[in-house]
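Protein chains in written order, with the working numbering: chain A, 4 to 211; chain B, 11 to 268; chain C, 36 to 314.
Note that these hints are calculated values from the structure, not bench results.
Fair warning: this is a prediction, and the values are worked out from it, not measured in the lab.
Take the hints with a grain of salt, since some may be wrong.
[Claimed, not checked] Covered stretches of chain C, as calculated for chain A (at least 3 residues, CB under 8 Å):
#: 1; segment: 46 to 52
#: 2; segment: 128 to 139
#: 3; segment: 178 to 185
#: 4; segment: 240 to 247
#: 5; segment: 265 to 274
A virtual CB, placed ideally from N, CA and C, is assigned to each residue, including glycine.
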Amino acid sequence: MRRELSIAVTFLTGLLVVTAFFFTSKPLAQASQTIQSWGVIVSAFALGMASVNLIQVHVKKIARSKGMEWLYSGALLAALAGMTLLGISKGPANKTYTFWFDALFTPGQATVYAMTGFYIASAAFRAFRIRNIEAAILLVSAAFVMLGNVSVGEAMWKGFPVVGKWLMNVPNLAGQRGMMIGAGIGGIAGGLRVLLGIEKSYLGGSGS
Amino acid sequence: MIAKGKVFSFWMLVVIILCLLYSMWRARKGRPVKIRKITGLDAIEEAVGRATEMGRPVHFCPGIGGISAIEAPQTFAALGLMGYVAHLSAKLDVPLIVTIRTPEVLPLAEETVRQAYLEEGKIEAYIPTNIRFLSNQQFAYAAAVFGIMAREKPAANFLLGAFWAEALMLAEVGSEVGALQIAGTAQLSQVPFFVAASDYCLIGEELFAGAAYLSQDKMQLGSILGQDLGKAIVALLMLAGLIAKQAGSSYFTTLMSK
Amino acid sequence: MLEKLEKMDRRLIYLVVFLSLTIPLIWPIGLPVSIGSETRSLYELIDGLPARTPVIVSFDCSPGGYGELSSGAMALLNHMAKKDLRCIGMGFFDTGPSLLEGALASSLYKGKTYGTDYVNLGYLAGGENGISAMAKNILGSFPKDFRGASTAGLPVLQGIAGVKDMALVVTVSSGTPGVAEWIRQVGDPLKVPMATVLVAVNIPNMTPYLQAKQLCGMIPSMKGGAGYEALINMKALGTAGMDAQSISHLAILFFVILGNVIYFAGRNKPAAAKGGGRQ
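Use the sequences and the hints to build the structure in full.
The structure is reproduced here in structure tokens:
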């Protein structure tokens with residue numbers, strides 16, 4: 004019964020939101036807006052629940068830790084509690100909140116993102132081998148696009164940006180459009196399977 | 011009635027849905043649907059088997075997308091594949107670690123894995139704290155996964171779903187710890203990174219076809235055929251538009267902007 | 036020798052990349068910066084707007100992505116401030132408005148009046164749903180700004196009934212919700228001109244929109260930022276970063292070539308099977 008109810012709710016809300024998108028009807032639009040706001044509220048509660056999961060995992064880690072391992076979990080829990088209380092009581096525009104955001108959070112995120120540059124070098128060294136014709140075409144195209152995107156490439160030869168741009172605007176774009184259309188239709192099919200209850204993986208089990 | 015600027019989209023959606031419904035009805039009637047071999051999906055059993063032999067866990071990441079935005083179908087597709095992996099992990103007694111970024115995916119992942127263990131009769135082996143919400147911030151999540159992979163050293167690493175900038179890093183760290191990697195996403199910007207850095211890659215719709223391919227469920231296979239019918243119609247429209255444009259007619263351009 | 040190179044410690048690769056990025060930042064080479072047509076289009080559009088025209092600048096980016104976008108975003112804000120345009124700031128990423136606040140404080144807007152010349156309306160949850168809600172009713176979606184003050188009666192929002200009153204919407208985007216969502220909810224249905232400051236990895240995905248004129252301009256990554264800095268004559272991080280980007284690209288190409296030399300030289304020898312990475 005629980006499954007059937009979940010599928011019914013999914014179908015009805017999905018149908019309402021899709022219909023409201025296409026049809027000009029104030030009651031439909033309002034209903035759709037309300038449902039989407041409920042979605043935001045559910046997400047907020049899901050965040051609270053996920054925080055409970057996080058706390059459970061790290062409290063267990065602290066209880067079972069050997070040596071100084073507990074320090075990392077402790078720091079995480081302290082930061083979670085501290086920033087949550089600060090944000091709720093003083094708001095995100097508060098000086099202390101902004102200080103920790105600018106001094107710790109932003110540089111931390113930027114640092115991890117910046118590591119992509121290093122990983123792309125090691126991935127390129129390991130994986131970009133000319134094993135066949137397709138790999139050779141990929142490599143030559145990548146070289147033209149890379150050199151076309153930077154000043155040194157243009158300084159070496161004026162043709163690099165021209166060829167690079169053509170590769171991006173013609174064959175790459177054609178492939179991207181094809182994949183976009185395919186993925187888009189795949190998304191519609193996936194959505195329809197969920198709405199009709201054919202795809203039940205989100206309710207638990209193997210999904211069939 | 012139909013909002014201005016959305017008439018063509020609405021009717022195209024209706025056509026695609028009709029294609030899907032027709033194909034699913036046809037499959038249900040017993041007309042077989044064959045999907046070509048998808049190496050990445052065939053390798054799932056090999057990957058989990060490898061983890062069993064090496065005595066190391068399996069890591070599964072169902073993407074960092076949610077269930078309410080445009081990447082939702084990818085997340086649902088990943089959850090379907092997670093169920094299959096969870097069944098295999100339960101059957102072969104290998105620990106399964108699932109890392110979650112989006113909070114609302116956590117209960118779905120917990121239920122999917124728990125149900126899989128229950129169906130395999132191994133509910134006592136199910137460890138709830140192996141389904142871990144790490145952070146809803148993208149790079150904090152990525153950094154946490156790096157740590158888990160470095161410490162737990164999974165023998166099989168599944169990166170299936172919607173990914174963004176952390177995709178390459180997750181795949182590279184997985185490669186560094188020696189994991190067999192099966193990745194898949196419909197995020198076009200990340201496909202090249204997965205192709206370069208993982209052993210097997212599901213590109214675009216191969217991810218959506220995953221659950222159908224593995225379960226061989228008639229209705230799901232039928233919907234894959236429906237997708238292909240929809241694509242064929244779009245291709246015909248594109249061809250007709252191209253010919254019309256070359257002939258100097260803007261009929262299709264006007265039609266599509268309605 | 037080849038085997039040693041094949042199995043070389045990845046940290047050596049990371050060291051070479053680190054040096055190729057750091058050395059040009061400390062000792063700039065001064066390579067010329069080219070300006071793309073899409074960057075020039077956006078510059079000309081903004082340059083042609085009369086004073087006090089409202090423009091939405093939406094920071095839909097994470098701190099990680101902002102590292103790449105900051106040069107373009109700052110150049111854009113500085114140009115808008117020079118042209119005395121009203122900056123209506125907002126964000127659909129939770130970290131966006133905080134980044135916007137920092138950007139405004141570092142831009143030429145810091146010499147202007149908050150609430151009259153610019154405003155940071157803050158974060159609206161819901162992704163594409165949030166953009167859709169904002170498109171229908173800006174004031175209703177943002178009853179308070181990022182600093183907690185009421186938005187009712189703010190001089191900067193005077194005469195603005197909805198998004199249709201904006202001359203331009205620029206999204207500083209590093210992911211989703213981003214360009215596609217803005218075009219679906221605002222650009223196409225409401226016919227408001229759209230532009231973007233975009234991370235490099237998303238440029239191939241967004242080029243179709245540029246070609247279809249659904250985007251009227253783009254500042255692509257740091258290269259676009261450097262180009263925009265040259266256009267407004269305010270060279271900064273973008274210009275400084277292009278030398279580093281050039282040398283690091285050469286370093287990566289070197290490793291690709293080295294990898295292939297090793298591969299072809301050792302092709303007849305049986306390869307050691309390893310988990311991870313294509314064989």
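Outcome of the hint check:
1. As drawn, the segment 46 to 52 of chain C meets chain A at 4 residues by the rule of a beta-carbon pair under 8 Å; at three or more, the given contact holds.
2. Under the rule that three or more residues need a Cβ within less than 8 Å of chain A, the assignment of the segment 128 to 139 of chain C holds, with 6 such residues.
3. With a cut-off of 8 Å between beta carbons, the segment 178 to 185 of chain C has 3 residues touching chain A; three or more are needed, and the interface restraint holds.
4. Only residues whose beta carbon comes within less than 8 Å of a beta carbon in chain A count, and the segment 240 to 247 of chain C has 4; three or more means the coverage holds.
5. Proximity of the segment 265 to 274 of chain C to chain A, defined as three or more residues with a beta carbon under 8 Å from a beta carbon of that chain, is not established by the 0 residues found.
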